[in-house]
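K.L.:
Each chain is listed here by its residues.
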Amino acid sequence: MSSATPRIRLLSVPIYIHTSRCYLHGSMSRPTNLDTKSVRELQAIYKRHFAALSEIAIDQFHLPHTEAAALAHDVLLAAIHNAPRIPDLTAWLRGAITCAATARLGERE
Amino acid sequence: MTDEDREPASLVSRTRVYEFFATAEKLSHERSSAPHTVPPLLHSHRSNLAALRNHPDLENCGALEYLGILANENLNSNPQYALSLAKLAADMSETLPEGAYPQITLAQVRAHTWKDYGKALRYLARCPEALEALHHAESCLSGRFASLGHDTAIVRFNTAVVLQELNRCSESLTILADCKRTFREFGDTRLFVLAAYTEGVGLQRLGKFREARETYLLLLSSTTDIEKETLASLHQSIGHCCVDLGDYEAAEANLQKAIQLHYDLGQPLQALKGEMGRGRLFLQTGDYQRVVSHLRPVRRDFLRKSMSEEAGLCGLSIVQALLLLERTPEAENLARKIVHEFVTAQLSTRAVTALAYLAEAISNREATPSLANEVREYVLSLRATPEREFEHSATTE
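Line order of the protein sequences matches chains D and E.
Numbering follows the working numbering, with no gaps: position 55 of the first sequence is 55.
Numbering follows the working numbering, with no gaps: position 279 of the second sequence is 388.
Keep in mind that the hints were calculated from the coordinates and are not lab data.
Using N, Cα and C, we set each Cβ at its ideal position, and we do this for glycine too.
Treat the hints loosely; a few may be bogus.
Stated by the list, open to error - According to the in silico footprint, chain E covers these stretches of chain D (three or more CB under 8 Å from chain E):
#	segment
1	62–74
2	95–109
Said to hold, decoys possible - Quick list of simulated restraints, FRET-style, between CB atoms:
#	chain 1	residue 1	chain 2	residue 2	range
3	E	ARG123	D	ALA44	46 to 56 Å
4	D	ARG40	E	ILE178	23 to 33 Å
5	E	SER331	D	ASP59	50 to 60 Å
6	D	ARG108	E	GLN189	23 to 33 Å
7	E	ARG497	D	ARG108	29 to 39 Å
8	E	SER331	D	GLU109	56 to 66 Å
9	D	ARG108	E	TYR127	24 to 34 Å
10	D	ARG108	E	GLU500	52 to 62 Å
11	D	ALA44	E	ILE178	22 to 32 Å
12	D	GLN60	E	LEU326	32 to 42 Å
13	D	ARG40	E	ARG497	53 to 63 Å
14	E	SER141	D	PRO87	53 to 63 Å
15	D	GLN60	E	PRO495	42 to 52 Å
As the list claims (entries may be wrong) - Residues from chain D that face chain E, not an exhaustive set, calculated with beta carbons under 8 Å:
#	residue
16	TYR46
17	HIS81
18	ASN82
19	PRO87
20	ALA91
21	TRP92
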């Protein structure tokens, strides 16, 4: 990960933010899986994806930050149960946040 | 400082972050334990699985998910057992304690157990009940959790399959179009391919053979990775469409390819169904002698595997060919044999009545080759509409 990547903190855990641009266009396009057996791996996944998912909800769907964060968390939670049938985690999460944010916007209209 | 000024990560409470890791750990533990705890329980309660309903070792998501895996594995070989497993899981999912998992996880577990139950009911041709189970599965997800789009699409895909069995193909196609979009969005290539294939099957059932073939060919030519099993089914379906479209060369090539793939995959039954398709092809091309010589061993193989219905369908194509060859006594003899096989296998009484009608008509020298085909189509249709009555259209040839 580049040293220029912005860094924030979640609780006491450092988090690296991926911009949604990077998330959507390639640099994370290699299929990844969700290994719920390894806590370390899981922490890394939460850290890696939470910010990017929130950012998509905020930037592309203009959801308020609180709602975007809650949706991103729900998407990651849903991924845990579906882990065995997710072939490509990044693509799955991207689809899930898009679908969730679209539904949220639909509810408002 | 407003929420909009804060980083999203700081807007998720410590409790919810803890919930994520706790759920992951819990599910991971349950998933690794289930293969050790569930099979012995099933073995000791094999004669009465329902008695396991309140067993504490099954009162967790991992165990219920494992029951679902076992149910799916048994769908082909022992659908009744698959149904018992799926029913147990669905019932137990309703009594999982509310606070034991996050609401989202509970909704997912319930939806998937009910989906598996619906699927098992479909395998037993109990389609109206299957539809009810799937609607219940969808209701577990709908409206409450925007993040469960993929789960919803999986349930709805199963609903679309049942709707086709119920001859509600247009509704099915509408649902499949949505499912395909969702599966593509979630990068789920396997289910995308299956949904697209099922779309082709729906079109084929509607008699739109050209559109169905286009759908299959589009899928074949896409860059998508297609599992060998689906590939075999695709070639088989293209073959059948080509028979109906009169494109016999392509039909033969695709059916041969499907048969070879099925043999490579160790699926001799599917390969036999491909051979049955070739029998229909020879019938269409007027090669009646070949129909008889080709389908007789296929029929014998079905009988050897106790697949009386498939053997009967095969036999009816032979009867049709024999009538076309004016070998009436042989046709009558075979028709009576098929009636006997259906009665012995306790298949649909409606099918037996139609077959007996055909045998009598041949005996009275009143049967036309098209009557044999009509009876064949009728027996096939009973899979989707078991209550349908046989109505002979009395066409002449």
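K.L.:
Give a verdict on every hint.
P.N.:
Hints, one by one, checked against the model:
A count of 10 residues in the segment 62–74 of chain D with a Cβ less than 8 Å from any Cβ of chain E is obtained; the coverage claim is therefore met, three being the minimum. Note: the segment 95–109 of chain D has 10 residues with beta-carbon separation from chain E under 8 Å; the three-residue rule is met and the coverage holds. Evaluation of the 46 to 56 Å hint for E:ARG123 and D:ALA44 yields a failure: the beta carbon distance comes to about 19 Å. For D:ARG40 and E:ILE178, the Cβ-Cβ distance of about 27 Å falls inside the hinted range of 23 to 33 Å, so the restraint holds.
For the pair E:SER331 and D:ASP59, the supplied restraint of 50 to 60 Å is violated, since their beta-carbon distance comes to about 31 Å. Separation of D:ARG108 from E:GLN189 is about 47 Å and departs from the stated range, judged on CB atoms against 23 to 33 Å. Checked against the hint of 29 to 39 Å, the C-beta distance between E:ARG497 and D:ARG108 comes to roughly 47 Å, which is inconsistent with it. The hint said 56 to 66 Å for the Cβ distance between E:SER331 and D:GLU109, and at roughly 34 Å that hint is violated.
A beta carbon spacing of about 30 Å between D:ARG108 and E:TYR127 agrees with the range 24 to 34 Å that was offered as a hint. Evaluation of the 52 to 62 Å hint for D:ARG108 and E:GLU500 yields a pass: the beta carbon distance comes to about 54 Å. For D:ALA44 and E:ILE178, the Cβ-Cβ distance of about 28 Å falls inside the hinted range of 22 to 32 Å, so the restraint holds. Take D:GLN60 and E:LEU326: their Cβ atoms lie about 35 Å apart, and the range 32 to 42 Å holds.
Restraint check, D:ARG40 to E:ARG497: a C-beta distance of roughly 60 Å satisfies the suggested window 53 to 63 Å. In this structure the hint that E:SER141 and D:PRO87 lie 53 to 63 Å apart at CB is violated, the actual value being about 21 Å. About 49 Å separates the C-beta atoms of D:GLN60 and E:PRO495, a value consistent with the hinted range of 42 to 52 Å. For D:TYR46, the interface hint holds, since its Cβ comes within 8 Å of a Cβ in chain E; the closest pair sits about 6 Å apart.
Annotation: D:HIS81 was flagged as interfacial toward chain E, and the flag holds, the nearest CB pair being 4 Å apart, inside 8 Å. Using the Cβ-Cβ criterion of 8 Å, the hint placing D:ASN82 at the interface with chain E is satisfied: the shortest such distance is roughly 7 Å. Annotation: D:PRO87 was flagged as interfacial toward chain E, and the flag holds, the nearest CB pair being 7 Å apart, inside 8 Å. Against a cut-off of 8 Å between C-beta atoms, the interface hint on D:ALA91 holds, since the closest Cβ of chain E lies about 3 Å away.
The closest approach between the C-beta of D:TRP92 and any C-beta of chain E is roughly 5 Å, which is under the 8 Å cut-off, so the hint is satisfied.
In this structure, the hints that do not hold are numbers 3, 5, 6, 7, 8 and 14, in rising order.
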